[in-house]
Amino acid sequence: MSGHISPTARQEAGAAAAPAGVALTLLRSLVHRIAVFGFLLVLMSVLPRLLPGDTLDVLMDSDVQRELADDDLHALRDRLGFGGSLAEQVGRDLLRLLRGDLGYSLLHGAPVRRLLAEALPWTGLLIAAATPVFLGLGIMLGVEAGRQPGSRADRVLTAGMSLLASIPPFVTAIALLLVFAILCPVLPAGGAEPLFPAATPWLRAFEIARHAVLPALALALHEVVRYFFVLRGEAAVLSHRAFVVNARSRGISGWRERRDYFSRNLLPVICARLGQSVATLFTASLFVEVIFAYPGIGSLTYQAVLDRDYALLQGAIAVLAALVLSLNWLFDALTETLARRG
Amino acid sequence: MSAPVYSDHATERARPRLTLQLLGIVALSTLVLLLLIATLGNLIPPYLTSTETLQPPSQRHWLGTNDIGQSVMTGLLRAAPVTIGLALATAALALLIGITMAGLAVMFPKVGRVIVLHLTDMAEIVPSILLLLLLSAWHQPGVIEIIPLMALLTWHDDVRILRSVLLREMGRENITLTRHMGARWPYLLLHHILPAILPTLTGLYLQNVVQATMRVAGLAFLGLTAADLLTWGSMLQDAMGYLHTPAWTWLLLPPAFCLTGFLLLLMALDQQQARRSSHRQGSAP
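Here the protein sequences come in this chain order: A and B.
In terms of our numbering, the first sequence has 69 at position 69, counting the first letter as 1, and numbering is strictly consecutive.
In terms of our numbering, the second sequence has 1155 at position 155, counting the first letter as 1, and numbering is strictly consecutive.
Certain hints may be false.
[What the hints assert, rightly or not] Label pairs and their in silico Cβ distance ranges:
no.	chain 1	residue 1	chain 2	residue 2	range
1	B	TYR1047	A	GLY109	40 to 46 Å
2	A	ALA322	B	PHE1108	32 to 38 Å
3	A	PHE39	B	GLY1182	45 to 51 Å
4	B	VAL1143	A	LEU306	18 to 24 Å
5	B	ILE1037	A	ARG77	46 to 52 Å
6	B	LYS1110	A	VAL245	39 to 45 Å
7	A	ALA339	B	LEU1048	57 to 63 Å
8	B	ILE1144	A	PHE39	20 to 26 Å
9	B	ILE1037	A	LEU98	49 to 55 Å
10	A	ARG264	B	ARG1184	51 to 57 Å
11	A	GLY21	B	ILE1037	48 to 54 Å
12	B	ALA1268	A	TRP202	48 to 54 Å
13	A	PHE39	B	HIS1139	14 to 20 Å
Don't read these hints as lab results, they were simulated from the structure.
Glycine residues also receive a C-beta, built at the ideal position from the N, C-alpha and C atoms.
With the rest of the complex left out, here is chain A (with noise of 0.2 Å):
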């Protein structure tokens, strides 16, 4: 961006100052999301053992219960990690996450790092399955409500897309669950893969790909509305612009007035959205695999937080607040890079 010669003087000026003012602005919004995740850390360090009992008394609870003098709980709990002041707690908690060892899930029994490491591809297929689909879906029908505002096929779909907004996202995943899964069964209900999964690679790719179509759909439709109605008023607002009346009266219309006269503007829209949706993704990801019994890491999270698993919801959290929070800096900066091209 800085190697780009400007034509007129404003242009030059503002080229100078962008890369000092883009530059602070990553900044400051880096620290910010920094301060962010040290309070995620530090809270869900201290909140649970706020609580009366610790994990070791949810073991002792759930097995079957033995005799143990005070003296071997002691010793027991100290070895777990337990022991301690709540800040000499909080403190050993924090070193060992910037260690990078997210600790060891005794309900699992398994480390919390590998439990992770299982699910976050599951959830991560939802996404990538989905975000083609409302980008595509989102940006075809706004483009072609808002390219002239007020005409039948704008009202028609802002109508049919304002009643789909008024369901929330989880009953429109129970629908199609019902619908597809239950009343008719053309699809499964739940899981990734089948309990056997098949031998043959193509197959085991097909089955994974018929387990993931629905919780995918679910995905999309709870997006395409958000992008819908932003990209519907962009592009009314693109609709008055001199550019497009310009080309309209030159008779360019049909699928390059919409690609490259609608399309292409809304990208900064596009991109600026997409930052937010990283977190609203992953918000409706859980819904969408606990509706569908998905093994991502929405449905792993939950768990956890039904059985008090702190040692994996802390890891948990750690990690997808780390991703959310890179993630949506991530594309903040590349909207900051777009809006300052114009």
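The hints should help you fit chain B onto chain A, whose structure is shown.
Chain B in isolation, oriented as in the chain A frame:
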């Protein structure tokens, strides 16, 4: 409800009084609504368990019964004031925090502005679902906790808009003139600024209610609210176990329709309101 506020552009002087009247109407109707809920609460039959479990809709139970023999109809009626009240209260609190923050940013343009904008930025990027999961693993929130919790997670949506609207209104000549004539800030706030930002406030409030309804329903659907809190969301959660039986028709559909209907109503109101205020802004150059 608020038609005069938008249409009396010519009779500028009549506006403050109308605003006061409007505020009075809102306060009065809230009070009436609360009283109505309180009396209705006694009229609605108790939500008791019985041995008639999972009965389809009949003369006795209009919408059937759930797995522990409670009438779904009674449940819907009992959940209605809780669900709606939670959303309204949460939205109001969020708006109040938002407008306080925006006010601070405008009143103290140096320190206040910087602090408020930093706080807003940070509140925006907090992944609220993670925070909610964390908090509900610690303690499942009831009515008293949900309202401030949700408000704290959503106030940031309103701050920027409110700040720009406040800045715009305070820069107008009527404010400058009235100040020159010795008017105090409370007077200005009530008679000049509040009437002018009322459409924005209404719009933001309605959007906040939509957001709050969705969020609270989602939290209840995940079963993360207090177990004794009966909302449409928690009724949906109860229905999830019966998707594979015919019982879903009377367990799942009624709360889903109630929730959607309420949201649809809110969105229709919001759109109507937006159209009105855009007309008003369109007429003012």
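Looking back at the hints listed earlier, which ones does the structure fail to meet? none
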